[in-house]
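Starting from the given sequences, assemble the full structure and let the hints guide the process.
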Amino acid sequence: MTEPVQEKISSYLKRQIEAFHPAPIVYRRGKVAKVGDGVVRVTDLPDRLYGELLEFDGGVFGMALDLTEDGVGAVLMDNADAVNVGTGVKGTGMVAKVPVGDILLGRVIDPIGRPLDGAPLMAEDYLPVERTAPAIMDRRPVDKPLETGILAIDSMIPIGRGQRELIIGDRQTGKTTIALDTVINQKHSDVICIYCAIGQKASVIAQTMNTLRAEGAMHYTVIVAATASDSPAMQYLAPYAAASVAEGFMRDGKDVLVIYDDLSKHAVAYRTMSLLLHRPPGREAFPGDVFYLHSRLLERSACMNEENGGGSITAIPIIETMGGNMSAYIPTNVISITDGQIYLETDLFHNGVRPAVNTGLSVSRVGRAAQHKAMRKVAGTLRIELSQYREMAVFTRFGSDVDDATKRMLIRGHTLTELLKQPKTRPYTLFEEVALLTAYHHNIFDVSPEDADEFAPLLTAYLREQCAELAEAVNTSGDLSEAEEAELIRHLERFKEMCLIHGEHQ
Amino acid sequence: MQTVIIKTAESLSEETYRLLCEGFRKKLGEADFQHIVDPTLIGGFIAEVGGVVYDTSISSQLAEMQKRIKE
Numbered sequence: 001m002t003e004p005v006q007e008k009i010s011s012y013l014k015r016q017i018e019a020f021h022p023a024p025i026v027y028r029r030g031k032v033a034k035v036g037d038g039v040v041r042v043t044d045l046p047d048r049l050y051g052e053l054l055e056f057d058g059g060v061f062g063m064a065l066d067l068t069e070d071g072v073g074a075v076l077m078d079n080a081d082a083v084n085v086g087t088g089v090k091g092t093g094m095v096a097k098v099p100v101g102d103i104l105l106g107r108v109i110d111p112i113g114r115p116l117d118g119a120p121l122m123a124e125d126y127l128p129v130e131r132t133a134p135a136i137m138d139r140r141p142v143d144k145p146l147e148t149g150i151l152a153i154d155s156m157i158p159i160g161r162g163q164r165e166l167i168i169g170d171r172q173t174g175k176t177t178i179a180l181d182t183v184i185n186q187k188h189s190d191v192i193c194i195y196c197a198i199g200q201k202a203s204v205i206a207q208t209m210n211t212l213r214a215e216g217a218m219h220y221t222v223i224v225a226a227t228a229s230d231s232p233a234m235q236y237l238a239p240y241a242a243a244s245v246a247e248g249f250m251r252d253g254k255d256v257l258v259i260y261d262d263l264s265k266h267a268v269a270y271r272t273m274s275l276l277l278h279r280p281p282g283r284e285a286f287p288g289d290v291f292y293l294h295s296r297l298l299e300r301s302a303c304m305n306e307e308n309g310g311g312s313i314t315a316i317p318i319i320e321t322m323g324g325n326m327s328a329y330i331p332t333n334v335i336s337i338t339d340g341q342i343y344l345e346t347d348l349f350h351n352g353v354r355p356a357v358n359t360g361l362s363v364s365r366v367g368r369a370a371q372h373k374a375m376r377k378v379a380g381t382l383r384i385e386l387s388q389y390r391e392m393a394v395f396t397r398f399g400s401d402v403d404d405a406t407k408r409m410l411i412r413g414h415t416l417t418e419l420l421k422q423p424k425t426r427p428y429t430l431f432e433e434v435a436l437l438t439a440y441h442h443n444i445f446d447v448s449p450e451d452a453d454e455f456a457p458l459l460t461a462y463l464r465e466q467c468a469e470l471a472e473a474v475n476t477s478g479d480l481s482e483a484e485e486a487e488l489i490r491h492l493e494r495f496k497e498m499c500l501i502h503g504e505h506q
Numbered sequence: 001m002q003t004v005i006i007k008t009a010e011s012l013s014e015e016t017y018r019l020l021c022e023g024f025r026k027k028l029g030e031a032d033f034q035h036i037v038d039p040t041l042i043g044g045f046i047a048e049v050g051g052v053v054y055d056t057s058i059s060s061q062l063a064e065m066q067k068r069i070k071e
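Residue numbers (our numbering), protein chains in the order written: chain A, 1 to 506; chain B, 1 to 71.
Read the hints as simulated data drawn from the structure, not as lab findings.
Backbone N, C-alpha and C fix where the C-beta goes; we use that ideal spot for every residue, glycine too.
Among the hints, erroneous ones may be present.
Computed beta-carbon distance windows for the label pairs [to be verified]:
1. L28/B with S295/A: 42 to 48 Å
2. M65/B with N84/A: 26 to 32 Å
3. Y126/A with A31/B: 52 to 58 Å
4. E55/A with Q2/B: 20 to 26 Å
5. Q2/B with G118/A: 47 to 53 Å
6. D57/A with A31/B: 24 to 30 Å
7. A31/B with E7/A: 48 to 54 Å
Quick partial rundown of chain A residues pointing at chain B, CB under 8 Å, derived from the structure [said to hold, decoys possible]:
8. R28
9. R29
10. D44
11. P46
12. L49
13. Y50
14. G51
15. A202
16. M218
17. L348
18. F349
19. G352
20. V353
21. T438
Cut-off 20 Å, straight-line C-alpha distance, at most; resulting in silico cross-link-like pairs (EDC-like, lysine to aspartate or glutamate) [what the hints assert, rightly or not]:
22. K31/A with E48/B
23. K14/A with E64/B
24. K27/B with D110/A
25. K90/A with E64/B
26. K67/B with E18/A
27. K67/B with D57/A
28. K7/B with D102/A
29. K67/B with E55/A
30. K67/B with E124/A
31. K90/A with D32/B
32. K254/A with D170/A
Shown next, in the form of structure tokens:
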């Protein structure tokens with residue numbers, strides 16, 4: 001039935017044409033004097049703005065980052081093939097902007113808002129990519145927890161909404177896994193997630209999108225991506241674009257989580273751009289303002305007070321270290337900016353401790369203020385017990401005789417270490433975490449400590465069957481009353497008996 | 001003294017050209033004028049002075065319309 005369709009199309013076109021009002025177009029024009037290495041020198045362009053988006057003939061965009069008496073140095077944001085000496089340049093009069101709003105949910109975009117997932121994007125609302133952070137008096141202290149669903153983190157290094165918590169470690173230690181598991185866990189909450197991929201392979205970003213989709217997390221997530229083959233200018237803008245997208249949600253009072261994966265590649269892209277613009281190199285060839293590069297980005301995470309919407313942006317930046325060196329230039333910069341770090345160690349990872357969190361060196365400077373009451377009750381002593389265990393653990397290697405108290409501590413430390421192991425994409429609910437820690441405190445796992453990591457899923461499955469109502473109550477209230485605690489312990493004891501009986505039969 | 005480059009689709013009558021130049025003189029003060037005929041404009045004019053372009057050509061308006069409809 002082509003006839004009606006043709007009529008529809010022609011009437012649509014007629015309406016569009018009638019709605020069009022011709023008006024004179026006024027713009028500023030210059031021309032390219034020099035091209036090289038992704039940096040273009042433009043002359044004869046009047047009234048330049050710093051950071052302005054320039055449009056080259058052929059549709060290529062660039063950003064004006066170097067204003068001098070006799071011209072503008074612009075960094076190209078796309079492929080340089082179409083740009084030659086003499087190519088015309090139009091001043092758009094705008095700085096880089098990114099679309100914001102609910103239409104972005106479930107989409108993958110690049111730092112200037114062009115969709116990367118095949119479908120068009122009908123954007124209506126935009127925010128500039130560079131914005132000032134919220135003022136001091138517009139903020140309130142962090143007081144609500146952001147649940148990662150990862151027992152090791154929620155118990156000892158808790159993250160609050162509005163905090164900046166760094167994930168730092170060598171390559172292949174599980175940094176992105178922790179970040180993605182946190183995103184997946186937000187399907188039980190109202191937090192909107194933004195994943196910013198900087199300088200990653202396109203195949204890895206596609207993989208991430210598929211994982212999120214498979215786990216049902218894509219409908220509340222936006223991915224802002226600048227792949228490894230994108231220009232340094234795009235990689236430089238990506239985290240700021242992600243922050244603007246987050247701010248678009250925060251001003252509507254929502255809680256947002258932004259993951260910057262990773263800021264090491266971001267610093268390298270900025271260094272590339274600065275060296276090509278002939279800015280003087282400093283330590284490790286980074287430009288002098290590489291600290292400001294990250295501090296202004298992370299300051300945009302905030303917890304707003306009621307008068308300003310009550311929303312929040314939690315930032316989880318990721319930094320990759322070389323050889324475990326946390327004292328290198330960029331790592332120390334970002335550590336001093338964030339409100340704590342989660343330090344992942346290669347040795348722990350290879351010894352089967354996953355997530356490979358070094359609880360001694362990891363810290364959350366917001367801490368217990370951002371923890372549910374129920375969790376606070378059971379997690380208070382964990383850090384001390386673990387650090388005492390680590391001190392004494394060396395004795396187990398030599399098989400030396402130890403007194404009963406020390407033996408006790410070693411068994412409990414071993415149990416706790418096993419309990420903190422968790423498979424990926426399997427986040428725990430608050431109730432499950434509280435139940436596991438209560439079981440630990442009441443020695444439910446002392447049957448065989450080295451199997452504690454196998455018992456954990458069995459226990460959670462058992463509790464899911466037996467205590468659905470109790471779980472619902474604890475998850476909603478965030479607290480564990482004495483009556484609820486007693487009921488939980490009864491279930492745990494029953495579980496222990498079942499395991500003992502089962503074990504005897506084997 | 002600024003140079004204004006005026007491009008039109010067809011050659012203009014003396015009267016029309018004088019009016020156009022007057023308009024620009026009012027805006028910019030003293031100026032030199034150059035006239036180029038470029039049929040690809042279809043109609044209207046494009047005036048360029050000191051890096052600023054005033055575009056009222058029909059070809060550009062058609063391009064704008066096309067861009068708008070594509071979205």
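Results of checking the hints against the structure:
| no. | hint | verdict |
| --- | --- | --- |
| 1 | L28/B with S295/A: 42 to 48 Å | holds (46 Å) |
| 2 | M65/B with N84/A: 26 to 32 Å | holds (29 Å) |
| 3 | Y126/A with A31/B: 52 to 58 Å | violated (38 Å) |
| 4 | E55/A with Q2/B: 20 to 26 Å | holds (24 Å) |
| 5 | Q2/B with G118/A: 47 to 53 Å | holds (48 Å) |
| 6 | D57/A with A31/B: 24 to 30 Å | holds (26 Å) |
| 7 | A31/B with E7/A: 48 to 54 Å | holds (52 Å) |
| 8 | R28 | holds (6 Å) |
| 9 | R29 | holds (5 Å) |
| 10 | D44 | holds (5 Å) |
| 11 | P46 | holds (4 Å) |
| 12 | L49 | violated (14 Å) |
| 13 | Y50 | violated (17 Å) |
| 14 | G51 | violated (19 Å) |
| 15 | A202 | violated (26 Å) |
| 16 | M218 | violated (25 Å) |
| 17 | L348 | violated (52 Å) |
| 18 | F349 | violated (48 Å) |
| 19 | G352 | violated (54 Å) |
| 20 | V353 | violated (52 Å) |
| 21 | T438 | violated (57 Å) |
| 22 | K31/A with E48/B | holds (13 Å) |
| 23 | K14/A with E64/B | holds (15 Å) |
| 24 | K27/B with D110/A | violated (42 Å) |
| 25 | K90/A with E64/B | holds (15 Å) |
| 26 | K67/B with E18/A | holds (15 Å) |
| 27 | K67/B with D57/A | holds (15 Å) |
| 28 | K7/B with D102/A | violated (45 Å) |
| 29 | K67/B with E55/A | holds (15 Å) |
| 30 | K67/B with E124/A | holds (16 Å) |
| 31 | K90/A with D32/B | violated (24 Å) |
| 32 | K254/A with D170/A | violated (33 Å) |
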